[in-house]
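Asks: Read off the chains here:
Number of protein chains: 2
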Amino acid sequence: MKTINVGLIGFGTVGSGLAEVLLSQQERLLQRSGLTVRLARVADIMISELPARFADTELTNDAEGMINDPDIDIIVELIGGIQPAKTFVMDAIAAGKHVVTANKALLSQEGKEIFAAAAAKGVEVGFEASVGGGIPVIKSLKEGLVANKILSIMGIMNGTANYILTRMTDEGIAFADVLKDAQELGFAEADPTYDIEGIDTAHKLAILMTMAYGMNITHDEIATEGISQIEPMDIEFAREFGCRIKLLAISRNHDDNVEARVHPTMVPESHLLSSINGAYNAIHFTGDTVGNVLLYGPGAGKLPTGSAVAADVVDIARDIAAGSVGRVPSLSYLPGEIRDIAITPMEKLSCPWYFRISAKDEPGVLAAIAGILSRHGISIESVIQKGRQQSGPVSIVISTHTAQESSVLAALTEIDALEVVSLPTVKIRMLDETASFED
Amino acid sequence: MKTINVGLIGFGTVGSGLAEVLLSQQERLLQRSGLTVRLARVADIMISELPARFADTELTNDAEGMINDPDIDIIVELIGGIQPAKTFVMDAIAAGKHVVTANKALLSQEGKEIFAAAAAKGVEVGFEASVGGGIPVIKSLKEGLVANKILSIMGIMNGTANYILTRMTDEGIAFADVLKDAQELGFAEADPTYDIEGIDTAHKLAILMTMAYGMNITHDEIATEGISQIEPMDIEFAREFGCRIKLLAISRNHDDNVEARVHPTMVPESHLLSSINGAYNAIHFTGDTVGNVLLYGPGAGKLPTGSAVAADVVDIARDIAAGSVGRVPSLSYLPGEIRDIAITPMEKLSCPWYFRISAKDEPGVLAAIAGILSRHGISIESVIQKGRQQSGPVSIVISTHTAQESSVLAALTEIDALEVVSLPTVKIRMLDETASFED
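These protein sequence lines are chains A and B, in that order. Per our numbering: the first sequence = residues 1 to 439. Per our numbering: the second sequence = residues 1 to 439.
Among these hints, one or two may not hold up.
Unchecked claim - Beyond 12 Å from chain B on every Cβ pair, some chain A residues (computed): (1) Arg239; (2) Thr344; (3) Gly392.
As the list claims (entries may be wrong) - In the EDC-like style, the derived pairs of lysine to aspartate or glutamate whose C-alpha atoms are separated by at most 16 Å in a straight line are: (4) B:Lys149 - A:Glu20; (5) A:Lys149 - B:Glu27; (6) A:Lys302 - B:Asp288; (7) A:Lys149 - B:Glu20; (8) B:Lys149 - A:Glu27.
What the hints contain is simulated information worked out from the structure, not anything from laboratory work. In this text the structure is predicted, and so the values were computed from the model without any measurement. Ideal placement from N, C-alpha and C gives every residue a C-beta, glycine not left out.
Taking the hints into account, I'd like the entire structure generated from these sequences.
Replies: This is the structure we're talking about:
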């Protein structure tokens, strides 16, 4: 019976979650793998002792010493952020250690260097927990869907943003109020920028695209728009169009170029992604052989994330025991098969649109707006003009048929320059199911 | 570059789907595994030649000859049914061949013998396509959720039954009419018994339970009830209770005993399983560390099933190439760890209930019914008594709080014996989210 020794860097929420999972599941993992997966050591400079139940685990403040200890087989990095996480990961690889990390910021920014170093050294890098929390999305993409050309990726990949949108939808309250409440309840961080502005979602989409298409991409190549500008009335109008607003990551594969974008999206209620509520995540793949697959589960949290990290640890432990390290390439394609693919320019994208125009309540306004849209080749699907208010601008809400982004931007520039239009027009993309390879 | 030679038995819908997938994905599989996965030979006695694009594949009518050919590495059995499929699978194992099959009837009935033979011979048996079509559910359960005690399994695992229920729900038409239409459209077989009576779903639940809990179980140990008795008015009443009727497989883990049942279930609209429509499947697991995970996708079909079979083939090919055969136990637990666990007797189960009682429209009827329920400790949640009809019995529809099955059976026996009750009472179990470990 072989023992695999794990060294963990970072005993915060996720790190302590992994420790709990490895402890509570040790017997089960032995029954399922024939291996004892042991949390041998924890490196953390913020704590002075581990809870008594981790009596078999040593605490150290010397991460580098642990990285270089020949008794440690796998280094798990769970401190997050770019530095010193990157140094620890690169040093672990240099020391010939397999690495498991949940660090999506690090992988989406520095992944190319990290995976190249790991391939050169012949060690594995596991990162199941970096996307979709406890959902086995990385393994499904790498192995379960191996016999597929991935045609599209769509997902709700940030639990905080989805929690906020869900409460705005259910309770009709403003973004800022839900955010404040979420922060008090611990569902949102003190600085929520990464979550609400779509940056965290872009990190995750970059990781999925790398594996789905076998391409080089960093998160800053992804057009990213957050949810902080969404107002309760947009959610209400969405409902009138039979849609819910979700922060989606979307990528479509056009072979010689691929779309990559994160933005609030009006999702038809008939689409399963519209039913993903609260802090849950869901990732939807369309493959050329499998068709549509959706994977749903907790996008974050101590034990769910611990479950995903532990799955990576067991995967690597099995490879160590079987002598099959490198059996599945870390990025799903062999290192030599990963290539550069162009990102589709946003202005070339087409989808149906939602516009909310704030205009004076005067005769001829709608005619002027419709005229501008028409001149730009944008076809109106429906118009909602809400009952006149006592004073101030009225909302003219328009849904369009599929229109190219460049035309929309040009038309809205003209519309917003009209004297009767008092605020910049709110525009939200609608999910185009046809274009997303739905059947 | 290593070549793995696959021998396929059965070139029907799924078999030809696998052939298409291996052909269209050959280059991609090479890029992802470094291996050439080649469909070397097809054994089928019903066809005289293969389509021209399979020029690299030989056709034979001698399955046994192929099984015993030392050049063949993996035998894929896609003929379905118990015999001769079992003989081919056992002979392939005896010949030291790895086996991939989509045959849920075979595995849920003869699995113990097959897996024991495979373990003794040191060969792998892949069966991803046996549950959930193209959804990577087997791999997720075995590997992605390895660090979980599975607390419950719930799923929509038969596309035909779900297609029929979806159309009954959307269009308000009777079961028999939808079935006839589905047969004409090719969505249901000429003999649909396995699909509509829940037997196919029970096959799949038995396979999932074996892996989830590490237990011996055959499908005939699972209490199974189909959808042929569901009437449009039950679907309509379900809607009034905020529910949809789905054919669910349900298992809950009580440690020393486990529930195992397949039956029509009223699923609250707030639960994601209520939103799974058409021929799609979805499997929902609750794990003690991950929480709730749901996997959704096509439950059947030529290419989706081919995608899942191909994933198994690649998995085994990787193990052959890496010398790591047996790296993950076929049934997720090591053979020696699979034990007998008692099935919870149905009469001990508790859930909320839906009753539709057909009674004469007379004073005192509801009082008599309520009295009987009360004497059996069954607490009424709500009653719907539809407007009086011209003649004939009226429907008294009752939803209850959680009640034990044995009490319900005793109470309904008394109710159905009342002189004013004209037809046997229709009873449908409601999904008890608390009891199903939902959060």
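Asks: If a hint holds in the structure, say so; if it does not, say that too.
Replies: Consistency of the hints with the structure:
Chain B leaves Arg239 (chain A) outside its interface by the beta-carbon criterion, the shortest separation being 16 Å against a cut-off of 12 Å. At the 12 Å boundary, the C-beta of Thr344 (chain A) stays outside the reach of chain B, the nearest C-beta of that chain being 21 Å off. A cut-off of 12 Å between C-beta atoms confirms that Gly392 (chain A) is not in contact with chain B; the least separation is 37 Å. Among the hinted pairs, Lys149 (chain B) with Glu20 (chain A) is consistent with the structure: their alpha-carbon atoms are about 13 Å apart, no more than 16 Å.
Restraint check for Lys149 (chain A) and Glu27 (chain B): the C-alpha separation of about 11 Å stays at or below 16 Å, so the hint holds. About 12 Å separates the Cα atoms of Lys302 (chain A) and Asp288 (chain B), which keeps this hinted pair within 16 Å; it holds. With a C-alpha separation of about 13 Å, the suggested pair Lys149 (chain A) and Glu20 (chain B) falls inside the 16 Å cut-off, and the hint holds. A C-alpha spacing of about 11 Å is found between Lys149 (chain B) and Glu27 (chain A), which places the hinted pair at or below 16 Å, so the restraint holds.
Comparing the model with each earlier hint shows no violations; every hint is respected.
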